[in-house]
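Number of protein chains: 4
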Amino acid sequence: MSANTFGQRFQLTSFGESHGVALGAIIEGCPAGVHFDFAFLNSELQRRRPGQSAIVTGRNEDDLPEVLSGVYEGKTLGTPIAIIVRNKDQRSDDYKEIATKSRPGHADDLWREKFGHTDHRGGGRSSGRETLSRVIGGAIARMVLKEIYPELKIFGFATSIGPITLDPQQILKIESDLIEKKIIVDQFSSRLPDQQKNIQAQDLLLKAKTEGHSYGGTAEIFISGAPVGLGQPVFHKLKSDLAAAFMSVGATAGVELGDGQDAAEAEGSQFHRQESQRHYGGIRGGISSGEPILFRVSFKPTSTVLDAAKKGRHDPCIVIRATPVLESMAALVILDHVLWARQDKV
Amino acid sequence: MSANTFGQRFQLTSFGESHGVALGAIIEGCPAGVHFDFAFLNSELQRRRPGQSAIVTGRNEDDLPEVLSGVYEGKTLGTPIAIIVRNKDQRSDDYKEIATKSRPGHADDLWREKFGHTDHRGGGRSSGRETLSRVIGGAIARMVLKEIYPELKIFGFATSIGPITLDPQQILKIESDLIEKKIIVDQFSSRLPDQQKNIQAQDLLLKAKTEGHSYGGTAEIFISGAPVGLGQPVFHKLKSDLAAAFMSVGATAGVELGDGQDAAEAEGSQFHRQESQRHYGGIRGGISSGEPILFRVSFKPTSTVLDAAKKGRHDPCIVIRATPVLESMAALVILDHVLWARQDKV
Amino acid sequence: MSANTFGQRFQLTSFGESHGVALGAIIEGCPAGVHFDFAFLNSELQRRRPGQSAIVTGRNEDDLPEVLSGVYEGKTLGTPIAIIVRNKDQRSDDYKEIATKSRPGHADDLWREKFGHTDHRGGGRSSGRETLSRVIGGAIARMVLKEIYPELKIFGFATSIGPITLDPQQILKIESDLIEKKIIVDQFSSRLPDQQKNIQAQDLLLKAKTEGHSYGGTAEIFISGAPVGLGQPVFHKLKSDLAAAFMSVGATAGVELGDGQDAAEAEGSQFHRQESQRHYGGIRGGISSGEPILFRVSFKPTSTVLDAAKKGRHDPCIVIRATPVLESMAALVILDHVLWARQDKV
Amino acid sequence: MSANTFGQRFQLTSFGESHGVALGAIIEGCPAGVHFDFAFLNSELQRRRPGQSAIVTGRNEDDLPEVLSGVYEGKTLGTPIAIIVRNKDQRSDDYKEIATKSRPGHADDLWREKFGHTDHRGGGRSSGRETLSRVIGGAIARMVLKEIYPELKIFGFATSIGPITLDPQQILKIESDLIEKKIIVDQFSSRLPDQQKNIQAQDLLLKAKTEGHSYGGTAEIFISGAPVGLGQPVFHKLKSDLAAAFMSVGATAGVELGDGQDAAEAEGSQFHRQESQRHYGGIRGGISSGEPILFRVSFKPTSTVLDAAKKGRHDPCIVIRATPVLESMAALVILDHVLWARQDKV
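Chains as they are written, first to last, in the working numbering: chain X, 205 to 550; chain W, 205 to 550; chain G, 205 to 550; chain D, 205 to 550.
Among these hints, one or two may not hold up.
Just a few of them, taken from the derived set where beta-carbon distance is under 10 Å, the chain G residues facing chain X [said to hold, decoys possible]:
(1) 214
(2) 237
(3) 262
(4) 283
(5) 348
(6) 356
(7) 376
(8) 377
(9) 438
(10) 482
(11) 548
If you're looking for bench data, these hints aren't it; they were derived computationally from the structure.
Quantities reported herein were computed from a predicted structural model and do not represent experimental measurements.
Note that beta-carbon positions come from the ideal geometry of N, C-alpha and C, so glycine has one too.
Please model the complete structure; the sequences and the hints are all you need to start from.
This is how it looks when you write it as structure tokens:
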């Protein structure tokens, strides 16, 4: 397995530097005959696009994908799907100074030591721009899942942005509203799906963006309609693969399944007797139980270059744009295990 | 990659059912010429052994390993190392009733649905007994690491057992005591390396064991002396591989790197200006920075069979015996990346 | 992928030195619920066993397998199947001198240079004894194939032993007799399934064994009843995976598909107009066509230690014992692609 | 491992349909800091280009590569190298009729059965055009090898084209002339490096091209200067990986190492006593011995569409254009094992 390929049966290979010619994705293991929904791919890319609102980075990219292979007459061919997105607003002059300057929290110095020769313009591969490839992969995974498990839904939303936090009851309500299609996360620009807290978050982040500040935050990934039996028993437990998927996203600081940290404080006979199985997070023994799968992912504050010139070219809270990336990673893991499960029985 | 193999360059394959003939491990990718320290392997297995103290499960197993291949005249051959441990105290009669009975929190029902045909005796592969294979793998990884990076140390200890919790200052003190060899974790039977809290934990768990209760808890993995540059930039970030490793252990509910959850609440300019880099957890951009690597892993309470007959045959808090397993998983990941880094530069 | 694991979906991991404690196999990716035919496993091991007749090596091994995991109540569990065979007649004293002596055609010197530290006793892993693991894997692959494609048969037989060669008409006749169950290859001790030539081969090899001589030879692998569509289009063409499988066996010098070498001399319009598709070897564009699959594998003469003490401890022609090994490798490849094809379509 | 990725440490992923938008290659595992020789990449692509002479297919493609990622300021970054080539002369109208028509020897019917939905235009992925990706990969592999083993050379040449065949003495002479740089294969348009036979081959193939005929043939791959110790002992023997590499190329019918087929007829004590080790083909026990590595690859005649409109759009003998592809595959395998060998010793 290589450093830039994710998955065992359904595989995404990601390539491209933040300020190079193009980024892209190769999808392997996609079954033939799947309806290829180009409009959906585009809309997914728009969801993580810089410049989508006033509270994300202002880097100006259209992020329009070009499909080079693997699709013919609107359907997948079973051959590798190659999709690229050309970089437009590279503005690498801005980054020239980075060559000689350290950016706190960034890994420029470690890359230099590791590889000897590096692309200093905006982080190269360690830039968040790389996640574009993941959203391409996730969009295609969802096209496939839609045909196999039409009821399966993957939702992502912010549960905290800096000090602004949803309380447990709100989260329960949001989960049930999402299933019943009563709310749409993307209608909240901070992806905190609460009217009032969304406004607070907007205010906080607008100010932060102007002042060159940033905040950490937390997102929940909530998957309903997954079948029983996904996950492999030992090293590819569903929880292990999801944890790896989420922790491969930049700026992540932790993941929790179900009750997570709270489970650590619990006494067992009460914990296991609870009526709701929500605290198991939809996974037992590493295998999906058919109940909603629940993960929370923590992010540290974005690393920033604090001088004037760069202001407006950073995300004041990465959770907003990371949410569709987490959903994509979840889709990749789920589909991988759906295909894998085809060899469980003779 | 298969469901029972872990790692890319240095690979552990785990096999064996909890109540089958034997469990074991195959190690592939181990360089030739490494001194094979059989006594160390044995001592590592003793550290996770059931029956090691009054506050772990009473299942009686010697866990004596037999080396079948890959070692000759005290050194590794560069060929697969195969090691087995025969099961002794299978007592599968105890488990016969399980065939028709559900165990809360266990995955017996999911396995039945997934595989159709299953081994109902004590969980088969979903049993914690499988982690024996990981300790074998981890012990060998440490033998190799010892020759390449003699200064590299991997420590694991409990930071909480149910309601008994170390506070942050204590944890800092323990970390520095470990490096300076002032304390030895295994001298605390609960692996909470604080005299007073260890006694509290012992009392709590002795009572729990008698009454058929159990508790969740948290462990820290602390790695000092790791070189700069371990980890691959995108999908095999060091933090991602460590997260997958830890979350592949049974009963885990979450992982945190460095400040973890606290990072999510932080404001960036303060977070990144901190003098200590401890809050990054020793990993930036997915790559080791040369500073101590810090992970915390949460465990939910052990699933239990609550009737009288099984009392004493469960771990009242799995953190104690899981700690050497987490250390082993960390060793596997670290060595995998040490070997991987050999192709970073031409 | 590791050096000692074969296959992508159905994986065999081989371990064990020729003169170590034991050899064995781990099978991963075996679906659950397959009837485990222990008697068949044993009979397959007997087919490659040393000492099976006067014209193979006299090393005395029972080759009795012990199943350690993955099977319960006569069926596979979907977990790793671990099987070991202990070495009995190690006679490594005989090999002590090898430590300082070169054996023509053997790789002892190359191993020493590659690994530094090696097991000089009888070749370690480069010994033909390692193929025992492949026969275990192949036997299990056949158990699975039997349930999925009961009509699929894999036959192997010698087509030449040194100067004694079957002519093309004989080969055609043997193929059709095999399908119609008119002959059984193992009733010919040289596995040249022709009464007269078998006797010639016996005489030749008995003499060679006494005199410390050896011969090259050729075997055909003939697979009937394989479904259409096995193989992946580019790098895992069925012919490519079969070629790798066969060329991974010691002493092989070449493989041919269908007309092989003769195809190179052909003119296309005649070649492609032939009525029989036999010359394509049952594979077009890398994918099985539903017709019989035909491969021929050439072996160079066995490397020998020519002094008196070792006489009788070598195979005068390795083709005899290699034939069941080639069948096993074919079974592994075919099943791997059967499982892989489960993700061809949505 | 996926169907379109080749290699374990140094990996080529190939994508693109013959008549799609573009084809390309992703290279993973390329160490950082390697001088990227764009002119060399171009010249390698020209060597396999259609339309390079009168005796290959007339499809008109410039085959100009665009580097999208992985290279910066003339050096590799250690990140994935993505390179694409856009299709120009797709002329897919010509192929419309193929949708309903069978092409003898082609796999169109098998693809339809395997995948359900296929790209009927000129074979899609089963077209020889896919090999362009391999030449990209091979060119980069050679850039890396040049820095690590400057003396290592990989030569390919035709040894037969239909009935026109080099005799063994000529081949020995060519090998030594190649090492001494006395001849350049590409100065012979048929890549049969003999003045007279080259002219014969030209005449034969010009006539064949006009008449819609085709011929099989044979190529030799000759590698000098490879270090001792490449190859892994069991399943990734150097010969096994090279065989897989070569047999993954379309139209191949067989491979031979060293004496190949002739070895099968040999008597051992003579075979192993030969002074020259040429008959082992430079590989013993699966591991390179430091002597020249010798492989011969047989090709069946090209499949052809025989009606008037397609004349001139086929290769009358694929060996000519396959030779640089085989060299590329050899380079990929050799470099893969060079990197792999970095973990042989501690």
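Quick check on residue 438/G please, does its C-beta sit within 10 Å of some C-beta on chain X?
With Cβ-Cβ at 8 Å, under 10 Å, it holds.
Hinted contact residue 356/G with chain X - closest CB pair below 10 Å:
With a closest approach of 14 Å, the residue 356/G hint is violated.
Interface hint compliance - residue 376/G to chain X, C-beta minimum distance less than 10 Å
35 Å, violated
Chain X contact restraint on residue 262/G - CB to CB distance below 10 Å:
Result: violated, 40 Å to nearest chain X Cβ.
Checking hints one by one. Is residue 548/G an interface residue toward chain X, by the C-beta closer than 10 Å rule?
6 Å, holds
Does the interface hint hold: is residue 482/G within less than 10 Å of chain X, judged Cβ to Cβ?
28 Å, violated
Tell me if the interface restraint on residue 237/G is satisfied: Cβ within less than 10 Å of some Cβ in chain X.
5 Å, holds
Using the nearest Cβ pair, does residue 348/G come within less than 10 Å of chain X?
Result: holds, 6 Å to nearest chain X Cβ.
Hint validity - residue 214/G Cβ closer than 10 Å to any chain X Cβ
Holds, because the Cβ-Cβ distance from residue 214/G to chain X comes to roughly 8 Å (cut-off 10 Å).
Against chain X, with CB atoms and a cut of 10 Å, does the hint on residue 377/G hold up?
Hint violated; residue 377/G Cβ to chain X Cβ min 35 Å, cut 10 Å.
Hint validity - residue 283/G Cβ closer than 10 Å to any chain X Cβ:
Holds, about 7 Å.
In summary, the structure is inconsistent with hints 3, 6, 7, 8, 10 from the numbered list given earlier, while agreeing with the others.
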